[in-house]
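Chemist: Line by line, the protein sequences give chains A and B.
Mind the numbering: the first sequence is residues 319 to 559 in this note's numbering, read in order.
Mind the numbering: the second sequence is residues 319 to 559 in this note's numbering, read in order.
Source of the hints: derived by calculation from the structure; they are not laboratory data.
The structure presented is a predicted model; accordingly, all values stated were derived computationally and were not measured.
Careful, some of the hints might be misleading.
Heads up, the list lumps identical chains together, so a pair's fine if it works in one copy or across two of them.
[What the hints assert, rightly or not] With a cut-off of at most 20 Å between alpha-carbon atoms, the simulated PhoX-like pairs for lysine-lysine come out as follows: (1) K385 x K345; (2) K385 x K364; (3) K372 x K463; (4) K470 x K364; (5) K372 x K470; (6) K364 x K446; (7) K515 x K382; (8) K486 x K372; (9) K515 x K463; (10) K364 x K463.
The primary structure of each chain is shown beneath.
Protein chains: 2
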Amino acid sequence: MYLLYYWPDIQGRGEFVRLALEEAGAKYRDVAREPGRGSGITAMMKMLDAGAVKRPAFAPPVLKAGKLLIGQTVNILHFLGARHGLAPADMAGQLWTQQLQLTIADFVAEVHDTHHPVAAMLYYEDQKKEAKRRAADFLQNRVPKFLGYFEKILTRNPRGMHYLAGRKISYADLSAFQIVAGLSYAFPKSAARQARKFRHVFALHARIQERERIAAYLTSGRRIPFNNDGIFRHYPELDAA
Amino acid sequence: MYLLYYWPDIQGRGEFVRLALEEAGAKYRDVAREPGRGSGITAMMKMLDAGAVKRPAFAPPVLKAGKLLIGQTVNILHFLGARHGLAPADMAGQLWTQQLQLTIADFVAEVHDTHHPVAAMLYYEDQKKEAKRRAADFLQNRVPKFLGYFEKILTRNPRGMHYLAGRKISYADLSAFQIVAGLSYAFPKSAARQARKFRHVFALHARIQERERIAAYLTSGRRIPFNNDGIFRHYPELDAA
Numbered sequence: 319m320y321l322l323y324y325w326p327d328i329q330g331r332g333e334f335v336r337l338a339l340e341e342a343g344a345k346y347r348d349v350a351r352e353p354g355r356g357s358g359i360t361a362m363m364k365m366l367d368a369g370a371v372k373r374p375a376f377a378p379p380v381l382k383a384g385k386l387l388i389g390q391t392v393n394i395l396h397f398l399g400a401r402h403g404l405a406p407a408d409m410a411g412q413l414w415t416q417q418l419q420l421t422i423a424d425f426v427a428e429v430h431d432t433h434h435p436v437a438a439m440l441y442y443e444d445q446k447k448e449a450k451r452r453a454a455d456f457l458q459n460r461v462p463k464f465l466g467y468f469e470k471i472l473t474r475n476p477r478g479m480h481y482l483a484g485r486k487i488s489y490a491d492l493s494a495f496q497i498v499a500g501l502s503y504a505f506p507k508s509a510a511r512q513a514r515k516f517r518h519v520f521a522l523h524a525r526i527q528e529r530e531r532i533a534a535y536l537t538s539g540r541r542i543p544f545n546n547d548g549i550f551r552h553y554p555e556l557d558a559a
Numbered sequence: 319m320y321l322l323y324y325w326p327d328i329q330g331r332g333e334f335v336r337l338a339l340e341e342a343g344a345k346y347r348d349v350a351r352e353p354g355r356g357s358g359i360t361a362m363m364k365m366l367d368a369g370a371v372k373r374p375a376f377a378p379p380v381l382k383a384g385k386l387l388i389g390q391t392v393n394i395l396h397f398l399g400a401r402h403g404l405a406p407a408d409m410a411g412q413l414w415t416q417q418l419q420l421t422i423a424d425f426v427a428e429v430h431d432t433h434h435p436v437a438a439m440l441y442y443e444d445q446k447k448e449a450k451r452r453a454a455d456f457l458q459n460r461v462p463k464f465l466g467y468f469e470k471i472l473t474r475n476p477r478g479m480h481y482l483a484g485r486k487i488s489y490a491d492l493s494a495f496q497i498v499a500g501l502s503y504a505f506p507k508s509a510a511r512q513a514r515k516f517r518h519v520f521a522l523h524a525r526i527q528e529r530e531r532i533a534a535y536l537t538s539g540r541r542i543p544f545n546n547d548g549i550f551r552h553y554p555e556l557d558a559a
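Turn these sequences into a full structure, and let the hints guide you.
Modeler: Rendered as structure tokens:
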């Protein structure tokens with residue numbers, strides 16, 4: 319039984335972990351989403367900051383696996399990937415999968431900054447002008463660069479174009495799914511254009527969506543809907559016509 | 319013999335790798351800094367983009383170790399850490415060190431965006447106004463949050479306050495050194511104030527600087543001086559009085 323600590327009302331970075339746990343069929347508690355003593359945001363904050371925690375994380379998500387307390391999304395996925403067959407078994411394959419995930423993490427940070435280019439602590443409304451400039455560059459230059467990269471990785475995979483790393487699904491594929499889902503929510507017009515260009519990436523998204531456990535998860539109450547408190551936010555004025 | 323591929327004129331993200339290689343006493347070629355055929359930026363670009371490369375990286379740095387081609391700074395350090403004793407030997411310690419490095423990587427991305435808050439491809443001069451707002455928030459809120467975190471990690475380390483992870487030096491300590499060095503170059507006024515507040519972090523910087531191999535490296539021609547093409551840039555107008 320894993321304990322996941324993450325913000326209860328957004329998909330955010332925690333969602334990359336949730337998707338891996340769901341695909342693995344792992345038992346986990348999404349602690350901050352549970353009511354009652356020892357749960358909720360209070361429990362999450364305690365895990366981050368209590369003096370008794372010897373290796374506190376900088377920010378959620380945090381995963382508790384037995385005595386291990388693991389922070390940083392990429393790190394958690396690296397751990398889960400090896401444990402649940404969501405990464406190749408050899409060291410070279412594990413490094414490669416983590417490398418892809420690190421690139422996805424870089425992309426996620428850039429997505430966040432489209433609506434918060436000045437300061438994470440300020441409201442979107444207080445940095446709207448800057449957000450318009452940044453989002454325009456993001457959609458025009460950064461999205462094609464990242465999606466083009468993953469398109470290349472898929473088409474060059476010597477084990478076939480179905481997955482990013484090797485012959486089988488990995489946590490990087492689940493995260494790529496989430497990125498396409500997020501872009502489609504946040505920037506629907508732009509994403510429709512990208513879909514015609516980066517067909518293998520969008521086909522990967524469709525393939526993941528149809529997997530039995532992922533499909534069940536996506537229609538369950540455990541999947542928090544996209545909303546404008548998360549990383550992927552739909553502000554129509556930031557989307558490119 | 320390792321081959322490192324990184325931009326030849328800046329410290330950038332490659333510097334975190336260089337510091338680990340130097341502390342390990344590892345033999346490496348800094349390929350893009352070498353003249354002649356098979357070297358220079360051309361060789362770096364080829365490694366990133368040639369059709370024959372099955373697992374191309376998104377961006378430099380890239381490290382070639384035998385047949386392995388490893389991209390993403392955190393990934394390279396994870397690999398080198400295990401190989402050269404620059405991380406604890408147990409899995410929990412390796413995850414913890416990587417977690418710290420991922421947090422440092424997040425910080426580095428924020429440093430970069432102080433001078434490029436709108437678009438990496440635009441000149442600083444074209445986003446100066448936005449940079450002023452972002453840098454002010456960075457120095458006021460983000461730097462204390464990150465340095466305060468590492469200060470806490472040092473003081474809570476059950477193996478003593480000398481290093482971030484365990485009793486011995488790790489690649490995360492080398493990277494923390496680089497962050498303090500970079501902040502002191504880019505934002506000297508602000509860094510002088512931070513130094514009084516986050517004494518253990520700055521003491522770590524001083525301790526690393528005096529290590530035999532690091533000291534030799536820093537005074538060698540292999541260490542590229544800080545400059546305003548890198549991640550840490552000194553624009554006096556962005557520093558806080």
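Chemist: None of the hints should be skipped; say for each whether it holds.
Modeler: Each hint, compared with the structure:
1. In this homomeric assembly, K385 and K345 come within 20 Å of each other (Cα to Cα) only inside a single copy, at 16 Å, whereas the closest approach across copies is 38 Å.
2. For the homomeric pair K385 and K364, the shortest alpha-carbon distance inside one copy (16 Å) is at most 20 Å, but the shortest distance between copies (45 Å) is not.
3. Taking the shortest alpha-carbon separations for K372 and K463, only the inter-copy value of 18 Å comes in at or below 20 Å, while the best intra-copy value is 40 Å.
4. Proximity of K470 and K364 under a CA criterion of 20 Å is satisfied inter-copy only: 15 Å between copies versus 43 Å inside one chain copy.
5. In this homomeric assembly, K372 and K470 come within 20 Å of each other (Cα to Cα) only across copies, at 10 Å, whereas the closest approach inside a single copy is 42 Å.
6. Within a single copy, K364 and K446 get their C-alpha atoms no closer than 34 Å, and across copies no closer than 39 Å, so neither meets the 20 Å cut-off.
7. In the homo-oligomer, the alpha carbons of K515 and K382 never lie at most 20 Å apart, since the shortest distance is 40 Å inside one protomer and 32 Å across protomers.
8. Taking the shortest Cα distances, K486 and K372 sit within 20 Å of each other only across copies (17 Å), while inside one copy they are farther apart (37 Å).
9. Proximity of K515 to K463 under the C-alpha cut-off of 20 Å is restricted to the intra-copy arrangement: shortest distance 12 Å within a copy versus 41 Å between copies.
10. When the C-alpha separation of K364 and K463 is checked against a cutoff of 20 Å, the pair qualifies only between copies, where the shortest distance is 17 Å, while the shortest distance within a copy is 39 Å.
Hint check: violations occur at hints 6, 7; the rest are consistent with the structure.
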